[in-house]
Amino acid sequence: MYAGLRDVKRFTIAATDGDIGISKDFLFDDRAWTVRYMYVDTHKWLPLGEKVLISPVSLHSIDIKDEKIHVTLSKEQVEDSPSIDEHKTVSRDYEALYFQYFGYGYYWTGPGAWGEFAYPTALAQVQTLPERAELEKVDTGSQANHLRSINELQGYEVKAKDGNFGQVHDLILDTENWEIPLIVIDTHQILPGGKKVLVAPKHINSINWLEKNVGCHLSVDAIKHCPEYDPERLNDSVYQQKVRQQLLAL
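Sequential numbering from -18 applies to the sequence shown in the working numbering.
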(Lines of atoms letter the chains of each structure in order from A and count residues from 1; the text may use other names and numbers.)
(Lines give C-alpha, C1' and ligand atoms only; values in the text may rest on other atoms or scores of the structure.)
Protein backbone atom coordinates (compact mmCIF):
# COMPACT_ATOMS: atom_id res chain seq x y z
CA MET A 1 0.00 0.00 0.00
CA TYR A 2 1.14 3.54 -0.77
CA ALA A 3 0.68 6.40 1.71
CA GLY A 4 1.83 10.01 1.84
CA LEU A 5 4.15 10.60 4.77
CA ARG A 6 2.46 13.92 5.51
CA ASP A 7 -0.59 11.88 6.48
CA VAL A 8 1.22 9.01 8.20
CA LYS A 9 3.13 11.50 10.33
CA ARG A 10 0.09 12.05 12.55
CA PHE A 11 -0.76 8.36 13.04
CA THR A 12 -0.97 6.86 16.53
CA ILE A 13 1.54 4.13 17.37
CA ALA A 14 -0.10 1.12 19.04
CA ALA A 15 1.97 -1.36 21.08
CA THR A 16 0.82 -4.86 21.96
CA ASP A 17 -0.59 -3.52 25.25
CA GLY A 18 -1.94 -0.11 24.27
CA ASP A 19 -1.14 3.13 22.47
CA ILE A 20 2.33 4.57 23.08
CA GLY A 21 2.61 7.74 21.03
CA ILE A 22 2.22 9.65 17.79
CA SER A 23 4.62 9.60 14.87
CA LYS A 24 6.16 13.05 14.48
CA ASP A 25 8.85 12.50 11.88
CA PHE A 26 10.67 9.83 9.90
CA LEU A 27 14.36 9.24 9.36
CA PHE A 28 15.17 7.99 5.88
CA ASP A 29 18.32 6.81 4.17
CA ASP A 30 19.07 9.39 1.49
CA ARG A 31 21.00 6.84 -0.59
CA ALA A 32 18.56 3.91 -0.48
CA TRP A 33 15.44 6.12 -0.25
CA THR A 34 14.16 3.91 2.54
CA VAL A 35 12.56 4.91 5.85
CA ARG A 36 14.63 3.48 8.71
CA TYR A 37 12.84 4.88 11.78
CA MET A 38 9.70 6.56 13.02
CA TYR A 39 10.33 9.39 15.46
CA VAL A 40 7.59 8.94 18.07
CA ASP A 41 6.40 11.35 20.79
CA THR A 42 5.35 9.23 23.78
CA HIS A 43 4.78 11.86 26.50
CA LYS A 44 0.99 11.41 26.68
CA TRP A 45 1.18 7.63 27.05
CA LEU A 46 4.34 6.64 28.93
CA PRO A 47 5.58 7.79 32.35
CA LEU A 48 8.31 10.35 31.78
CA GLY A 49 7.57 9.88 28.09
CA GLU A 50 9.95 11.32 25.56
CA LYS A 51 10.64 11.02 21.86
CA VAL A 52 11.80 7.55 20.86
CA LEU A 53 12.77 5.78 17.67
CA ILE A 54 10.77 2.80 16.42
CA SER A 55 12.05 0.77 13.49
CA PRO A 56 9.72 -0.66 10.81
CA VAL A 57 11.35 -4.00 11.67
CA SER A 58 8.82 -4.09 14.53
CA LEU A 59 5.84 -3.35 12.27
CA HIS A 60 2.72 -5.50 12.62
CA SER A 61 0.26 -3.57 10.44
CA ILE A 62 -0.85 -0.12 9.34
CA ASP A 63 -4.51 0.87 9.56
CA ILE A 64 -4.98 3.82 7.21
CA LYS A 65 -8.65 4.25 8.09
CA ASP A 66 -8.10 4.40 11.86
CA GLU A 67 -4.76 6.19 11.43
CA LYS A 68 -2.83 3.68 13.53
CA ILE A 69 0.49 1.90 13.17
CA HIS A 70 0.54 -1.36 15.12
CA VAL A 71 3.93 -2.65 16.25
CA THR A 72 5.01 -5.92 17.86
CA LEU A 73 6.52 -4.20 20.90
CA SER A 74 5.21 -3.71 24.42
CA LYS A 75 5.13 -0.36 26.20
CA GLU A 76 7.92 -1.59 28.48
CA GLN A 77 10.14 -2.53 25.55
CA VAL A 78 9.73 0.94 24.04
CA GLU A 79 10.21 2.70 27.36
CA ASP A 80 13.42 0.78 28.11
CA SER A 81 14.88 1.10 24.62
CA PRO A 82 18.14 3.05 24.14
CA SER A 83 17.49 6.74 24.65
CA ILE A 84 18.00 8.91 21.61
CA ASP A 85 18.49 11.94 23.86
CA GLU A 86 21.91 10.58 24.81
CA HIS A 87 23.14 10.91 21.23
CA LYS A 88 23.38 14.08 19.18
CA THR A 89 22.82 12.12 15.98
CA VAL A 90 21.64 8.64 15.14
CA SER A 91 25.08 7.17 14.59
CA ARG A 92 25.85 3.68 13.37
CA ASP A 93 27.06 2.87 16.89
CA TYR A 94 23.66 3.91 18.27
CA GLU A 95 21.91 1.79 15.63
CA ALA A 96 24.01 -1.25 16.59
CA LEU A 97 23.03 -0.72 20.25
CA TYR A 98 19.38 -0.29 19.28
CA PHE A 99 19.24 -3.41 17.10
CA GLN A 100 21.07 -5.45 19.73
CA TYR A 101 18.55 -4.37 22.38
CA PHE A 102 15.63 -5.66 20.30
CA GLY A 103 17.54 -8.65 18.94
CA TYR A 104 17.08 -7.58 15.31
CA GLY A 105 19.38 -8.40 12.42
CA TYR A 106 21.34 -5.46 10.99
CA TYR A 107 19.98 -3.96 7.78
CA TRP A 108 23.40 -2.63 6.73
CA THR A 109 25.18 -6.00 6.48
CA GLY A 110 23.69 -7.12 3.18
CA PRO A 111 23.32 -5.92 -0.42
CA GLY A 112 19.69 -4.76 -0.30
CA ALA A 113 17.75 -2.00 1.42
CA TRP A 114 17.14 -4.42 4.31
CA GLY A 115 20.34 -6.41 4.17
CA GLU A 116 19.62 -9.90 2.90
CA PHE A 117 15.87 -9.36 2.93
CA ALA A 118 13.22 -7.57 0.87
CA TYR A 119 11.14 -6.46 3.86
CA PRO A 120 12.16 -4.93 7.20
CA THR A 121 10.04 -7.28 9.33
CA ALA A 122 12.19 -10.23 8.23
CA LEU A 123 15.02 -8.81 10.36
CA ALA A 124 12.97 -9.49 13.49
CA GLN A 125 13.41 -13.22 12.82
CA VAL A 126 17.21 -13.15 12.65
CA GLN A 127 18.54 -15.13 15.59
CA THR A 128 22.29 -14.45 15.37
CA LEU A 129 23.77 -10.98 15.11
CA PRO A 130 27.16 -10.38 13.48
CA GLU A 131 30.10 -9.97 15.83
CA ARG A 132 31.44 -6.44 16.29
CA ALA A 133 34.52 -7.27 14.20
CA GLU A 134 32.29 -8.34 11.31
CA LEU A 135 30.25 -5.15 11.66
CA GLU A 136 33.36 -3.02 11.37
CA LYS A 137 34.41 -4.86 8.22
CA VAL A 138 31.11 -4.02 6.55
CA ASP A 139 31.37 -0.33 7.36
CA THR A 140 34.91 -0.06 5.88
CA GLY A 141 36.03 2.69 8.24
CA SER A 142 33.02 5.01 7.92
CA GLN A 143 30.20 5.12 10.45
CA ALA A 144 28.02 7.43 8.34
CA ASN A 145 24.53 6.04 7.84
CA HIS A 146 23.01 8.87 5.76
CA LEU A 147 19.86 9.20 7.89
CA ARG A 148 17.89 12.38 7.33
CA SER A 149 14.66 13.91 8.60
CA ILE A 150 11.72 13.92 6.24
CA ASN A 151 10.36 16.97 8.04
CA GLU A 152 13.55 18.74 7.03
CA LEU A 153 13.37 17.69 3.38
CA GLN A 154 9.79 18.86 2.84
CA GLY A 155 9.86 22.36 1.38
CA TYR A 156 13.32 22.08 -0.16
CA GLU A 157 13.75 23.84 -3.51
CA VAL A 158 13.94 21.47 -6.48
CA LYS A 159 16.45 22.41 -9.18
CA ALA A 160 16.04 20.99 -12.67
CA LYS A 161 19.03 20.90 -14.99
CA ASP A 162 17.83 24.15 -16.62
CA GLY A 163 16.20 26.03 -13.74
CA ASN A 164 14.12 25.79 -10.56
CA PHE A 165 10.69 24.24 -10.87
CA GLY A 166 9.17 23.74 -7.43
CA GLN A 167 9.50 22.39 -3.93
CA VAL A 168 9.41 18.98 -2.26
CA HIS A 169 5.85 18.62 -0.99
CA ASP A 170 5.71 15.01 0.22
CA LEU A 171 7.23 11.56 -0.07
CA ILE A 172 5.20 8.45 -0.80
CA LEU A 173 5.81 5.43 1.42
CA ASP A 174 5.43 1.83 0.28
CA THR A 175 4.14 0.30 3.53
CA GLU A 176 5.31 -3.19 2.52
CA ASN A 177 9.05 -2.53 2.28
CA TRP A 178 9.23 1.04 3.69
CA GLU A 179 10.95 2.30 0.58
CA ILE A 180 10.07 5.65 -1.03
CA PRO A 181 9.07 4.99 -4.66
CA LEU A 182 7.68 8.45 -5.41
CA ILE A 183 8.33 12.08 -4.54
CA VAL A 184 5.62 14.72 -4.74
CA ILE A 185 6.76 18.05 -6.17
CA ASP A 186 4.73 21.25 -5.92
CA THR A 187 5.32 22.99 -9.28
CA HIS A 188 3.56 26.24 -8.50
CA GLN A 189 6.62 28.17 -9.70
CA ILE A 190 6.20 27.10 -13.32
CA LEU A 191 2.68 25.68 -13.71
CA PRO A 192 -0.59 27.62 -13.25
CA GLY A 193 -2.61 26.58 -10.24
CA GLY A 194 0.30 25.00 -8.39
CA LYS A 195 -0.12 21.51 -9.84
CA LYS A 196 1.66 18.73 -7.96
CA VAL A 197 3.56 16.10 -9.96
CA LEU A 198 5.35 12.84 -9.21
CA VAL A 199 9.00 12.01 -9.83
CA ALA A 200 11.00 8.94 -8.82
CA PRO A 201 14.14 8.84 -6.65
CA LYS A 202 16.11 7.84 -9.78
CA HIS A 203 15.47 11.35 -11.11
CA ILE A 204 17.18 12.93 -8.08
CA ASN A 205 20.94 13.27 -8.40
CA SER A 206 21.76 15.27 -5.27
CA ILE A 207 20.43 16.63 -1.98
CA ASN A 208 22.20 19.70 -0.63
CA TRP A 209 21.36 19.81 3.08
CA LEU A 210 23.28 23.04 3.64
CA GLU A 211 21.62 25.01 0.85
CA LYS A 212 18.28 23.21 1.32
CA ASN A 213 17.73 22.12 -2.27
CA VAL A 214 17.35 18.97 -4.32
CA GLY A 215 19.00 18.48 -7.71
CA CYS A 216 17.09 16.73 -10.49
CA HIS A 217 18.52 15.66 -13.85
CA LEU A 218 15.21 16.29 -15.66
CA SER A 219 14.54 19.48 -17.58
CA VAL A 220 11.78 21.92 -16.65
CA ASP A 221 9.89 20.85 -19.78
CA ALA A 222 10.15 17.18 -18.78
CA ILE A 223 8.79 18.02 -15.33
CA LYS A 224 5.72 19.55 -16.94
CA HIS A 225 4.96 16.14 -18.44
CA CYS A 226 5.43 14.18 -15.21
CA PRO A 227 2.29 12.39 -13.92
CA GLU A 228 0.02 14.59 -11.86
CA TYR A 229 -0.31 13.62 -8.21
CA ASP A 230 -3.78 12.34 -7.30
CA PRO A 231 -3.82 11.32 -3.60
CA GLU A 232 -7.31 9.84 -3.91
CA ARG A 233 -6.09 7.33 -6.52
CA LEU A 234 -2.72 6.56 -4.97
CA ASN A 235 -3.61 2.87 -4.52
CA ASP A 236 -5.63 2.49 -7.68
CA SER A 237 -3.87 -0.12 -9.85
CA VAL A 238 -4.75 1.64 -13.13
CA TYR A 239 -3.40 4.95 -11.84
CA GLN A 240 -0.23 3.28 -10.51
CA GLN A 241 0.42 1.63 -13.87
CA LYS A 242 -0.05 4.95 -15.68
CA VAL A 243 2.37 6.66 -13.29
CA ARG A 244 4.99 3.93 -13.77
CA GLN A 245 4.75 4.13 -17.55
CA GLN A 246 5.07 7.90 -17.59
CA LEU A 247 8.06 7.90 -15.26
CA LEU A 248 9.81 5.14 -17.19
CA ALA A 249 9.58 7.28 -20.31
CA LEU A 250 11.46 10.17 -18.70
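Calculated from the structure, these hints are not laboratory results. No experiment lies behind these values; they were computed from the predicted model shown. Mixed in with the good hints there might be a few duds.
[Stated by the list, open to error] Okay, derived cross-link-like pairs now, DSSO-like style, lysine-lysine, Cα gap no bigger than 30 Å in a straight line:
| no. | residue 1 | residue 2 |
| --- | --- | --- |
| 1 | K46 | K25 |
| 2 | K56 | K32 |
| 3 | K177 | K49 |
| 4 | K(-10) | K56 |
| 5 | K142 | K5 |
| 6 | K223 | K176 |
| 7 | K176 | K32 |
| 8 | K140 | K177 |
| 9 | K140 | K25 |
| 10 | K193 | K176 |
| 11 | K(-10) | K193 |
| 12 | K25 | K142 |
| 13 | K32 | K46 |
| 14 | K46 | K5 |
| 15 | K140 | K49 |
| 16 | K193 | K5 |
| 17 | K32 | K(-10) |
| 18 | K49 | K32 |
| 19 | K140 | K56 |
| 20 | K49 | K5 |
| 21 | K25 | K183 |
| 22 | K46 | K193 |
| 23 | K46 | K140 |
| 24 | K183 | K223 |
[Claimed, not checked] For each label pair, taking beta carbons as the anchor points, the in silico distance ranges come out as:
| no. | residue 1 | residue 2 | range |
| --- | --- | --- | --- |
| 25 | D217 | S72 | 20 to 28 Å |
| 26 | E157 | K5 | 20 to 28 Å |
| 27 | P173 | Q106 | 46 to 54 Å |
| 28 | G136 | D(-2) | 17 to 25 Å |
| 29 | P28 | Q170 | 42 to 50 Å |
| 30 | D(-2) | D202 | 53 to 61 Å |
By construction, the Cβ of each residue, glycine as well, lies at the ideal position given by its N, Cα and C atoms.
Given the hint that K25 pairs with K142, does the C-alpha gap stay at or below 30 Å?
-> Not satisfied, since the Cα-Cα distance of roughly 46 Å exceeds 30 Å.
Restraint check for K46 with K25, where alpha carbons must lie at most 30 Å apart | Roughly 22 Å between the alpha carbons, so the hint for K46 and K25 holds.
If you check the beta carbons of P173 and Q106, does the distance land in 46 to 54 Å?
-> Because 51 Å falls inside the window, the suggested range holds.
When you check the alpha-carbon spacing of K46 and K5, does it fall within 30 Å?
-> Judged against 30 Å, a Cα distance of about 18 Å means the pair holds.
Would the pair K56 and K32 pass a check requiring their Cα atoms to be no farther apart than 30 Å?
-> The hint holds at about 13 Å.
K140 and K49: Cα distance at most 30 Å?
-> 35 Å, violated
Are the Cα positions of K(-10) and K56 separated by 30 Å at most?
-> Measuring from Cα to Cα gives roughly 20 Å; hence the hint holds.
Are K193 and K5 close enough, with their CA atoms no more than 30 Å apart?
-> It holds: about 21 Å lies between the C-alpha atoms, which stays within 30 Å.
Holds or violated: 53 to 61 Å for the Cβ distance of D(-2) and D202?
-> At roughly 55 Å between Cβ atoms, D202 and D(-2) fall inside 53 to 61 Å, so the hint holds.
Are K193 and K176 close enough, with their CA atoms no more than 30 Å apart?
-> Within the cut-off at roughly 22 Å; holds.
K25 and K183: Cα distance at most 30 Å?
-> 40 Å, violated
K140 paired with K25 [C-alpha distance capped at 30 Å] | 41 Å, violated
When held up to the earlier numbered hints, the structure conflicts with 5, 7, 9, 12, 15, 19, 21, 22, 23, 25 and 28 and fits the remainder.
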